[in-house]
Each structure stands twice: as structure tokens, then as C-alpha cells.
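K.L.:
Following my numbering, the numbering of the sequence shown begins with 1 at its first residue and continues without gaps.
These are computed hints drawn from the structure, not numbers from a lab.
Being a predicted model, the structure only gives us computed values, none of them experimental.
Hints are not guaranteed to be accurate.
Below, a list of computed lysine to any residue pairs in the SDA-like style, where the Cα atoms sit at most 20 Å apart [stated by the list, open to error]:
| # | residue 1 | residue 2 |
| --- | --- | --- |
| 1 | K149 | Q780 |
| 2 | K264 | R366 |
| 3 | K149 | G787 |
| 4 | K668 | P698 |
| 5 | K668 | G347 |
| 6 | K264 | G437 |
| 7 | K33 | G437 |
| 8 | K388 | R415 |
| 9 | K33 | H523 |
| 10 | K500 | R853 |
| 11 | K500 | G852 |
| 12 | K915 | A928 |
| 13 | K473 | A202 |
| 14 | K359 | E314 |
| 15 | K264 | V467 |
| 16 | K33 | L417 |
| 17 | K452 | L620 |
| 18 | K264 | V463 |
| 19 | K785 | S96 |
Derived Cβ-Cβ restraints for the label pairs, each shown as a range [what the hints assert, rightly or not]:
| # | residue 1 | residue 2 | range |
| --- | --- | --- | --- |
| 20 | K884 | T482 | 42 to 48 Å |
| 21 | E877 | T697 | 19 to 25 Å |
| 22 | A714 | S564 | 36 to 42 Å |
| 23 | G850 | A720 | 41 to 47 Å |
| 24 | V266 | T55 | 47 to 53 Å |
| 25 | P369 | K884 | 56 to 62 Å |
| 26 | D291 | P43 | 29 to 35 Å |
The C-beta atom is built at its ideal place from N, Cα and C for all residues, glycine as well.
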Amino acid sequence: MRLVRAALLLGAALLPIAATAQTKPQANTAAVKPIAYTERTLPNGLRVYALRDTTTPNVAVQVWYDVGSKDDPQGRSGFAHMFEHLMFKATRNLVSEQMDRLTEDVGGYNNASTNDDFTNYYEVVPANHLQRLLFAEADRMASLVVEPKSFASERDVVKEELRQSTLARPYGKLFSTYLSAAAYTTHPYARSTIGSIENLEAASIDDVRGFHATYYRPDNAILVVSGNYDPRQLDAWIDQYFAGIARPSTAIPRVTVQEPPRTKAVSYTVYEPNTPLPAVLMSWHVPADRDADIPALTVLQTILSTGESSRMYESLVYRDQLAQDASSFLDSKQGTGNLIAYAILAGGKTVDQGETALKREIARFRDAPVTAAELAEAKNEILTSAIKSRETAEGKARILASSVIVDGDARAADRQLAAIAQVTAADVQRVARRYLGDNQSATIRYLPDTAKPAGQSGDTIAVASSVQTAPLKAPANIAIVTPAPEGQRIQPPAPATPIKANLPQPVETRLGNGLRVITVERHDLPIATAYLVATGGQALDPATRSGVSSLAASLMTKGTATRSATEIARQIESLGGSIGADAASEGGTVAVTVKSDQLAPAMAILADVATHPTFAAEELERARAQQVDAVTVAFKNPAQLAAMVADRAAFGASPFGAPGSGTPASLKAITRTDVTAAYARTWRPDQAALVLVGDVTPAQARALAEAQLGGWRAPTAAAAALPTATSFPAPRTIVIDMPGAGQAGVVVERPAIPRADARYYPFAVANTVLGGGFSSRLNQEVRIKRGLAYGAGSGVDAARSVGSIAARTQTKNATAAEVVTLMTAEMARMGAAPVPEAELATRKAVLVGGFGRAVETTDGIAGMIGEYVLDGVPLTELQTYTAKVEAVTPAAVQSASAALLDPRAASVAIVGDAKQFIVPLKAARPDAETLTEAQLNLDSATLK
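Produce the complete structure using the sequences and hints provided.
P.N.:
The following block contains the structure:
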């Protein structure tokens, strides 16, 4: 019921993705306009940056504090991150979670993150709410309330976040804990940002108050406002709310430790549970982000692993088939950072082979200059990525703030782009020789615990005793802030007059072959997205061939009649873009985003991929092996496996119950004939649409479509009809026992309605009340009130033929049964009583605000229109969406909920360590069935 293939690719789940390029186009940094901003510093030391953009109805507010996990006190790793959570609790004037009332409940959103070097808090709201956000940010800077109940609750939430990201996820320890510990011997960067449960337990409430007094002060922060505002009014509000915050007289503690150069290679071998495939990771120290060598290292990293024409992909994944996933990333910081390269090995491959391959690829940079084509390709990809990152007010604010905090220079990002344009092949070779020697590496060989030789133990990777940390030296006589009495609490100011949004205005035409051509013009940035979508997809997969549409989609970019897989990757990435094909439950897509001056050649490649794939036998075998490995990894993730089990339990033998990504058994049975048939069922012009969004006119779009796709012809036979699902199996409670799982994945799912059903909008609003956003009922009950999970929510998937609703979370194993009870109770409550008008208004705002943010980027607009095409929704919905949401009444929500959210019609799937929750689950659900991982058969409608 979802676009599953991308979610199964491990690299996408773990790390930021980039893409690379190759060939002759020359990068041109003039295409990226420098970020225009104003700057001033208040007498108390607060630095203020403002970036005005009157084309958006929104405004982004960000406060970045120059304190991160490197500043965690001695014996308190994870402290900065835990404190980040507490900043959303009460202040003198705001009640706990009121930041969500001021953002999410008016159509905006808020979040925060903790990095090694900083902690940032960021919001996007309709611009008429700017004053309210400035009031709130100032209040939590000056007068945060730290009290025992919130402290204990958020500490429990952080523990669940740690279990989810580090213990339950395959390779979680490798990236969250071991990487940093192995990389540093002296600097506190060695400690993981999320910390350890033991250190979290050791923290006291006095520690929290001392931390706030030490670091959360105006002279240790920057305020960035980006979007639609009046400059004079903004200055006045900032003076009103922030200028009066006192600047402490005490000095701000700073980490001055220097990590010594690594001159001797270090290597560790560890054996860990929940490791479906072996992995190997290598890291090398790199200088601080402000160093003059970072641009050359950025280009090197892009050539190394960005895109399918990158060196690591071409050699480790494609040519030698050593790895299921292989990538790298440049983690530069205020101090010594790292270049990290890793490989999740393919089935049957060894860590020795992976380590040898990684060393070989790094050595190539030292031994010979990169080619001119590789250099131009990397620069073009970096340029395209930079343009995309500046599409929104929020994106520009983030770039500027990071430049200030990490580099000490608001112009750093612009200057690095200019420097990247000047990088030469000699520069790349020079930095490789300087920083990436074999003797400078740290290697982690990460193997399944089942591979551990008898009588042996693996190495221990822990923060070295030589790492230098310091206890917190908090100021004396810290004032304890308490909530103001009800009558004395200062309320946030009222919102101003709303600013009307400029909604996309699609222009549609149709070619003679039946292909729809839909254009949305946006000329503010030189970027364009081409998105080809066709109906069909996984719903048409034969019962014994689940995953065939996904496999066919992956093969579309792996060779045409005139281009090999390598040529496709190199040609599209030389333009600064990347191309991807995917399969959904009722359709398929091919998409590319490039600089607008490269749209014509990109369209030629997209059209070739969509209309002339060859599905060569050797490519099929390669893609099959990669997909089997990806599914194998997904099956060890409790949350992902629970979602697949719930789909099958809810929809049974229907194609909508089958795993769209396939199973090892179904994938191994697929033949080339199966693949070509799956392609033919979806890809024909009379059931397809080309969506072009960005710096392109309707006339240009039609000319491009006619030139590249006008000759595409539909078969004479009628297109296959999508199946319908009118009857569903009886609800079940299924437990998949995964001994030793770090958490339990919990999903409650039931069939629902297709998109065209008249109840869609009341149902969508009902779902948002139930589980849409931080303030939803599920998250309130599971996370906020009880600290049982990092988050809990629900989602509606309403497609052309059928729909579903699923509530999901991850929790510690011992509380899985309790969470099921809470979730089903909230589903039942939705139909038992009307939602109060005030609550309903906030949930409508969540939908409307999310819609507005989705149409701020070219690929966001293209994706939304593509969904409309697949679901059979008229394009006029773009103009009427908000009104239809606003028209939903409490009675309509209750009626839809009673019919479609009744948990008695829902199946429950729990994947985790069953011995920890089976007794209370059986007490509440005597019919619960338990299967081992070996017994589970997702190819069967009965799961057996």
C-alpha cells in the first residue's frame, strides 16, 4: 500500500543521500544566487539574521545555540540532546507543549535537533503568526521551567528514541555509537549524541537547570527569521521580546581539546544481534569545516559515492556485486571531522572483501588524478543540490545558520560553493594524499552474532578513557523558574491578518498518443522537475510474483536499446541530476530534477528509460540479488516487518496485502518474461502523464514532450483494469517473535475507502485528529502522557481502488501490549463522540499547512500532481483542497470514524521479543497468534 522500494534501501534509511554526475557540462556557480540577508547584534549579544522573501505566505524562525553533544558534561553523554526535548515543555508564560499549539495547530510545524556542535530549534508558520513565535522563543530562552514530572517523562521518551534508532534498527549501533567512539581518542566528539541509558539515568534535575543557565543565553545563540515579514516590524518585535533578556557575566565554557592526528591504523571486529548482512565501515579524520581543504574533500566525496555513476556504486554495488549498499559521507564539524565510507555486504560476501574494496577505492584518489568528466560531474551535482536546498525560506535559513555556528561566517556556504567551482583534479589528489592514507584509517568490521567463532569474543568499542571531558560548572545561585500564576501569565500576542498563498496553477494539454502533459511554472530558481507517472503497478502483480513491478521499475534505469546502465547513470548525473524509477500499489513513476538549462537532455534520457528498457538477463540477476538483500535487511527491522505483516493480515489474498517489494522466495521465482509483462501492464502513454514543474513554460513543456515522447505508442489491447477489493479477511492479532529485538514494532491496520469516496475529507481530518502530528491523540497518549515511545501516529492511504488506515509506533518490548490497548481505545473513541470544534480546527490546520509546504518545492508539486493522476483526482483539487478540508464538520468526522476507525475491524501486528509482552497481550487478546521469524510466510494470505 505504499512506495516501498526506496524505504528498503538501507542507505536511504541511515544517512543523507547525495547524487553525482559525469561528462562535459561545466558547473556554473552563478546559477546559485548568494543568500541575501541583514544582520545585527543586540546589546545582550544575540545575533540576528533576517532573510526576506515575499513570494511565500510563510515564515521560518530558527534559534541555534552554540552547544552540542561535544559539550555534554562528564558522565552525562546524551545530555544536550535530552535537554533539547525539555525545551518544548513549560516556561514561565507557556504551558507544556504550547509550542505545538502555536505552530502545528495553526498549520505550521516545529522541531529541533542536536548535533555535535549545536542545538537548533526551528519552526515554520503562516507569516501572520511570526510575532507569536518570537514571543515563545524568547520566553523559553529566558524562563524555561524545569520540574520533575516533565524531566522524568522526557527522559523516558529519549530512552525510547535510543532503543528505536540504536538498538532496534539494523546497524544502529554501528552508526549511532561505534563510529564516533572508534574515530576519536581525545576529543569529546567520541561520545554519541544520543548517549547511553546509564548516563541518562544519572542526570539530575539540578544538572538540567545548570545546563540551561550555562549555555542557553543570548550571547550563545543566533536568531534567524526567513520568509514574508515587514523589516521594521520585525526589528521592533525582536527588540520587544529578546533585548531584555539578560547577558550573564560568566564565561561560556568551550571545548578546546584538539584531536591528535591518527598516524597508525586501528581496526575493530564486533559481532552484533539483528545484523542481517555483514558490514564494514572506515573513517579518516578531516579538518574543520572552515578549512580551505573542505571544498576539495567535498568534491572527492561526491565522486566517491554520489549516484550510480560514482566510484563506489560502480565497483562495489554494480560491477563486483560485493555490496547491497555502499556509500560515504563527509561529516565536517567545528573541529576535526571525518570522511566515512561503508559497505553493507551482499549476501555471501565477506567483510574482508568489503574492506579490500573500500581501501582500493580510496587509494585510487591518492594514486591518480580524477578525470575531467568526474570533476565536472561532481560540481554539477553539488550545484543542483545547492539550488534545491534554497527553494524554501526554511532551507535558506538553515544554510545561513549552519554557516554562522559551524564556520563562524554567514557567507561560508556561498564561499564554499565558489571554492568548489575552482577545485582541480590536483586538489582532489592532494587532499586524498594528505588525509586518506591507509595508516590514518579507523575500521569497524560489523558481523552477525551468529558468525562469532566458538570460544571467541569480538572487540569492545567504547569511548576511550583518554577522551577529555569536563564536569558541568554551572553558575552560582541559579534562579528556579516556576510557572506564572494563571492570572499573571502573559499570553502570546494575537495573530495578524493572514497572507494569501499563491497556489500552483497547472496547465494541461494532451499529445496525440494520449499522454497528458501537465505544467506548473515557477521561475524563481533555475531548477525543474520532470515526473512521468502511469497507472498500473503492484496491484497487478500475479499472486506468486509479488515484487515484480518493483523489480521492473529498478531495471528501467539499468539499460535501454541505446544506453547501458552505466551510460544512463553517467549521462544523467553529468547534468547534475539523478534519475529514479519506482513502483507504487497502483502505478509507477520515473523522475528527475535538474537545473533548468539541462532539462532538454535530461528529458531525452527519461523518455528513453521509460519507453525502451531492455531488461537484460545479467541486469535482472544483479537487481534480483540486490532486492533480495534489501528485503532481508527490512525483515530484521521490527517496524518495517510489522507494517508488512499488518498489510497481509488486513487484506489477505488481495494484491493489496502482498509485500510490494517482494519476498526472497517470490523474487527468486521471477523470470524475464514476468518482468516485461509487469512493465507492459503499467507503461503505456494512454494511461500516463508527464508532469513538468519549475523554470519551464507550458509551450516549452509541450515541445519537450512531443519531441521525446510523441512517438510512444500504446498497444492495441486495452489496458489491464486495476483490481478491486470488496471483501476482507477477519481481523487477526499476529505476533512475530524476534528474540533480542531492541524494540517492538506495533501496527494496527484495517481496510478503508478509496480516494474518490465522498467520505474522504472527513476521514482524512479524522485521521489527523487520531494520529496526524505531535499533538494528535495517539501521540498524546503514547508519548506525551506516558513516555512509551518516541512517537505514535496514523496514516491514511486512499488510492484509486482501495484504501487503508494504519496506526503505528515502536515501544520497548515490555509495553507492547499496553500500547495496543491505548491505540485501539483512541480509534474507538473517535467514533463514540464528536471531536470538539476547537480541536477539529487545529487538526484541519495541520492538513492545510502540510499541503501549503508541499507545494513550495518543484518535486513536492510534481509528486502531489502525480498522486492526483494515480488516484483519479482532478487537478482542480489543488485549488479546492483547503476549502474542502475547512468544510468538514464534527458530525461528518464522527460518522466517518464510526464506520472506518472501529478497531474491531482492524488487525494488529507486533514484531518484537514476544516473551516480554505475550502474557499481557494474551490476557487482552486471547486469540493472538504467535509465529517465529522462520514460520512467517508473507507470500501466503494466512502468513503461514
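K.L.:
Determine for every hint whether it applies to the structure shown.
P.N.:
Evaluated hints:
1. Distance check on the hinted pair: K149 and Q780 sit about 15 Å apart at the alpha-carbon level, within 20 Å; holds.
2. A C-alpha spacing of about 18 Å is found between K264 and R366, which places the hinted pair at or below 20 Å, so the restraint holds.
3. For the given pair, K149 sits about 11 Å from G787 by alpha-carbon distance, which is consistent with the 20 Å threshold.
4. Proximity of K668 to P698 is assessed by CA-CA distance (about 44 Å); at most 20 Å being required, the pair is judged violated.
5. A hinted pair counts as satisfied when its Cα atoms are at most 20 Å apart, and K668 with G347 qualifies at roughly 14 Å.
6. This hinted pair checks out: K264 and G437 have alpha carbons roughly 10 Å apart, not beyond 20 Å.
7. Using a Cα cut-off of 20 Å, the hinted pair K33 and G437 is violated, with the two alpha carbons roughly 37 Å apart.
8. A threshold of 20 Å between alpha carbons decides the hint, and for K388 with R415 the separation of about 17 Å falls inside it, so the pair holds.
9. A distance of roughly 13 Å separates the Cα atoms of K33 and H523; the hinted pair therefore holds under the 20 Å criterion.
10. For the given pair, K500 sits about 13 Å from R853 by alpha-carbon distance, which is consistent with the 20 Å threshold.
11. With a C-alpha separation of about 11 Å, the suggested pair K500 and G852 falls inside the 20 Å cut-off, and the hint holds.
12. Proposed proximity of K915 and A928 is supported: the alpha carbons are some 13 Å apart, at most 20 Å.
13. The straight-line distance between the Cα atoms of K473 and A202 is roughly 17 Å, inside the 20 Å bound, and the hint therefore holds.
14. A hinted pair counts as satisfied when its Cα atoms are at most 20 Å apart, and K359 with E314 qualifies at roughly 15 Å.
15. Of the pairs offered as hints, the one joining K264 and V467 holds, with about 18 Å between alpha carbons and a cut-off of 20 Å not exceeded.
16. Taking the CA atoms of K33 and L417, the gap is near 11 Å; set against the 20 Å cutoff, the hint holds.
17. For the hint pairing K452 with L620, the CA-to-CA distance comes to about 33 Å; that exceeds 20 Å, so the pair is violated.
18. Restraint check for K264 and V463: satisfied, since their Cα atoms lie roughly 18 Å apart, inside the 20 Å limit.
19. Of the pairs offered as hints, the one joining K785 and S96 holds, with about 11 Å between alpha carbons and a cut-off of 20 Å not exceeded.
20. Remark: the range hint 42 to 48 Å for K884 to T482 is upheld by a beta-carbon distance near 45 Å.
21. Our hint of 19 to 25 Å for E877 and T697 holds, since their Cβ atoms are close to 23 Å apart.
22. With their beta carbons about 27 Å apart, A714 and S564 fall outside the hinted range of 36 to 42 Å.
23. For G850 and A720, the hinted distance range of 41 to 47 Å is not satisfied, since their beta carbons lie about 33 Å from each other.
24. For V266 paired with T55, a C-beta distance near 51 Å keeps the hint of 47 to 53 Å intact.
25. Look at P369 against K884: about 59 Å separates their beta carbons, and that is inside 56 to 62 Å.
26. Here the CB-CB span from D291 to P43 is close to 33 Å, well matched to the stated 29 to 35 Å.
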